[in-house]
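Peer 1: The lines below spell out each chain.
Number of protein chains: 2
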Amino acid sequence: MRSVSIIGGGLSKFGERWDKSFRDLVVEAGTAAVIDAGIEGREIQAIYGGCMSSGRLVGQEHVGALFADFLGLNPIPATRCEAACASGGVALRAGYLAVASGMYDVVAVGGVEKMTDFDSADVAIALGGAGDMEHELFFGATFPALYALMARRHMLEYGTTEEMMASCSVKNHKNAVHNPYAQYHNEITIEDVMNSGYIASPLKLLDCSPITDGAAAVILCASEKAKKFRKDPVEIIASSQASDTISLSNRHCMTELHATKVAAADAYRRANLKPSDIDVAEVHDCFSIAEIMAIEDLGFFDKGKGGPASLEGLTALNSEISINTSGGLKATGHPVGATGIKQAVEIMWQLQGKADKRQVKDAEIGMTHNVGGSGATAVVNIYKRL
Amino acid sequence: MRSVSIIGGGLSKFGERWDKSFRDLVVEAGTAAVIDAGIEGREIQAIYGGCMSSGRLVGQEHVGALFADFLGLNPIPATRCEAACASGGVALRAGYLAVASGMYDVVAVGGVEKMTDFDSADVAIALGGAGDMEHELFFGATFPALYALMARRHMLEYGTTEEMMASCSVKNHKNAVHNPYAQYHNEITIEDVMNSGYIASPLKLLDCSPITDGAAAVILCASEKAKKFRKDPVEIIASSQASDTISLSNRHCMTELHATKVAAADAYRRANLKPSDIDVAEVHDCFSIAEIMAIEDLGFFDKGKGGPASLEGLTALNSEISINTSGGLKATGHPVGATGIKQAVEIMWQLQGKADKRQVKDAEIGMTHNVGGSGATAVVNIYKRL
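Each protein sequence line maps, in turn, to chains W and D. Residue 215 in the numbering used here sits at position 215 of the first sequence; the count goes up by one each step and never skips. Counting from 1 along the second sequence, just add 1000 to a position and that's the residue number in the numbering used here.
Accuracy of the hints is not assured; some may be wrong.
Non-contacting residues of chain D with respect to chain W, defined by C-beta distances greater than 10 Å in every case (computed) [stated by the list, open to error]: (1) Glu1016; (2) Arg1056; (3) Glu1191.
Just the calculated beta-carbon pair ranges, DEER-fashion [said to hold, decoys possible]: (4) Asn195/W <-> His1135/D: 45 to 51 Å; (5) Lys231/W <-> Asp1302/D: 33 to 39 Å; (6) Leu205/W <-> Cys1253/D: 50 to 56 Å; (7) Arg270/W <-> Lys1231/D: 33 to 39 Å; (8) Asp1232/D <-> Phe118/W: 48 to 54 Å; (9) Asp117/W <-> Glu1224/D: 49 to 55 Å; (10) Asn1318/D <-> Arg2/W: 39 to 45 Å; (11) Phe118/W <-> Ser1319/D: 49 to 55 Å; (12) Asp117/W <-> Phe1139/D: 17 to 23 Å; (13) Gly72/W <-> Asp1277/D: 33 to 39 Å; (14) Asp117/W <-> Pro1180/D: 45 to 51 Å; (15) His135/W <-> Gly1041/D: 19 to 25 Å; (16) Glu40/W <-> Gly1353/D: 44 to 50 Å.
Derived by calculation from the structure, the hints in this document are not laboratory data. The model shown is predicted, which means the values in this text are computed figures rather than measured ones. By construction, the Cβ of each residue, glycine as well, lies at the ideal position given by its N, Cα and C atoms.
Bound conformation, chain W alone:
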């Protein structure tokens, strides 16, 4: 297998993009990535696109071909990949394997979701398709409810408190203030979270990532050729993926995401690194409890210690480990198919020293962690400067 690097990345503005259509967002992020890489469109040999719910919401499937068409890249191969909220992550990994295989030298990977134009009940049902439709959603278990069950169990077993969870949202909003692409630029307090009203107890409105329109894209290149395009490519030194039961009720444990642990163990082994080697990580905080479980399952803190660590500020910018410098899903926004790619763009910027006021000092090794559904898919990538 060949080594693969990122030679460019770009984002659309995340938020309620009522001014832009699904395809406009793809073009906005894709064009930014191509310009950042300093390449011509004709140098791109294939496209992989992450998107979850365009069929149900926008009425548009076949979005790989749509990407190629509206980026002016026909007739290159274009493939959509989907794994719910990890759609971006699995698309990135499909692109990674396509370059690693030797089939292509340069591949574009994009992710997109258009979500804010629709009735929120329709969006909740569409997102519910990330879990087990027949065994969960059909009986009313939407995603806040599933993560609320995990939060309750985590509170019971480890004494995690609502304030500890709230601290994740507070920190992520603080980071997002310095991210021009983020949906929210307002700082919030623990009190704000505590008073924000229950969505599914113990999760409150400000424990939950929002509904967002947005797109993200990266250009991948065989590492051996990456420095032809730019002086500071970022190498993907491990890309690992794992699965778990799609229904929460079939899991052995409610306080961890087993797929995250399996993918992380594989990624650390391939990179020959350990959790303490990671300087900056974008983790999948679809809900605040998810960030607490993630920093435990990725090995940054012992199981049960993620809550206290968050409350003590150990995951803040330039603390013990900088978690979600972009603002995470909570404050950057969570356009489902784009999230896994947005994480990679943020880590690219961090390792290139381009993260401005949210820059992690001396960042050498970065990680992204993208989860699908309630944990039935996890993708963990590790990065360093080439």
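Chain W is already provided as a structure; the job is to place chain D on it using the hints.
Peer 2: Frame of chain W; chain D shown alone:
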């Protein structure tokens, strides 16, 4: 890149499977493929799944993880790929690249669609998402209408007749009689097609592939290890994919699928073969006119000669070139995400000499051709015995 072979394949029965759920069909085909390969589930290292419309119809996304779960294969990576009616084809190619890269030695690729439990208008709208939703479906251009436009132009430019198109359906029904997995086992005549009523003139009911439930699966293995599993693996000697504009109105030509021509040219180059070397091909006959365009675009007949060739029987079993020995999409049925994989299973059986009464004599080289939408995606693979 490593060579990749198929070491096992399996199908569910195709048809109106009201007795089986979406996930049941996956298990039916997946289990058949694993048994055919003679492997244990634990030897499978990753899954790629093709499916188009589960989100819109069944309400279930994240189907890669669902496949892994219900086949008992957690925690291996599982990724869904989608390219409308070429979803199976792009999933197969993603699995091919994953093995070719050296990341995995053994990968399962499945495809599924559950379509007959729903209102036919809902299915027509879901399938319309394979084209350009904003520029085509929104204005009423469903898929029969799009292919009818191509048929009219082909008739105008080349004198293709409705009888010529009908002859494709007649031949495919004849082949399907000997395929136990096919949706239809009744022979039809050109008169039957001509009298079957217009769906979108000049296409009549029996020019159109049906709505079908079904699943298909293959097990891929690095060729260097394939003979450990069975004595007669089938090597994928080329796997090529191309894209075109998603909207028919933006094409330069209405009488060919440019993506098919690009993918085929790439596949012939990689395999160092020419059209006359192909003994048996499964081509994408979603409509009868699509088969005529396919046999032209793949180089088996000159442009404009596909209609007369079909009417003269040159594509019948054991004639000049055996096209759609399975019965094609028309008579085997077209469960969208499964079709591209089903084609590979049929070619595997043909090259292994296991196609019973539909066996092509001395079949050495096979091809599959899977199209998404009105031709915005095409996947062309070439196969031989390892």
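Peer 1: May I ask you to test the hint 19 to 25 Å on the CB atoms belonging to His135/W and Gly1041/D?
Peer 2: 22 Å, holds
Peer 1: Could you tell me whether the CB distance from Asp117/W to Phe1139/D stays inside 17 to 23 Å?
Peer 2: Between Asp117/W and Phe1139/D, where Cβ atoms are some 19 Å apart, the hint holds.
Peer 1: Could you check the hint for me, namely that Asn195/W and His1135/D are 45 to 51 Å apart, CB to CB?
Peer 2: 47 Å, holds
Peer 1: Tell me if the beta carbons of Gly72/W and Asp1277/D are separated by a distance inside 33 to 39 Å.
Peer 2: 35 Å, holds
Peer 1: I want to verify a distance hint. Is the separation of the beta carbons of Asp1232/D and Phe118/W within 48 to 54 Å?
Peer 2: At roughly 51 Å between Cβ atoms, Phe118/W and Asp1232/D fall inside 48 to 54 Å, so the hint holds.
Peer 1: Take the C-beta atom of Asp117/W and the C-beta atom of Glu1224/D, compute their distance, and say whether it sits inside 49 to 55 Å.
Peer 2: 50 Å, holds
Peer 1: Okay, Leu205/W versus Cys1253/D on CB: inside 50 to 56 Å?
Peer 2: Cβ of Leu205/W to Cβ of Cys1253/D: about 54 Å, so the range 50 to 56 Å holds.
Peer 1: Looking at Arg1056/D again, its CB stays over 10 Å from all of chain W?
Peer 2: With a cut-off of 10 Å, Arg1056/D comes too close to chain W, as the shortest Cβ separation is near 5 Å.
Peer 1: Using the C-beta atoms of Arg270/W and Lys1231/D, is the stated range 33 to 39 Å upheld?
Peer 2: This hint holds: roughly 34 Å between Cβ atoms.
Peer 1: Regarding Glu40/W and Gly1353/D, is the given constraint of 44 to 50 Å on their beta-carbon distance met?
Peer 2: 49 Å, holds
Peer 1: Please check whether Asn1318/D and Arg2/W have a Cβ separation lying inside 39 to 45 Å.
Peer 2: Taking Cβ atoms as reference, Asn1318/D and Arg2/W lie about 44 Å apart, which means the hint holds.
Peer 1: Since Glu1191/D was said not to touch the interface, does its Cβ keep a gap of more than 10 Å from each Cβ of chain W?
Peer 2: The assertion about Glu1191/D holds, with a minimum of 36 Å to chain W.
When the structure is compared with the earlier hints, violations turn up for hints 2, 5 and for no others.
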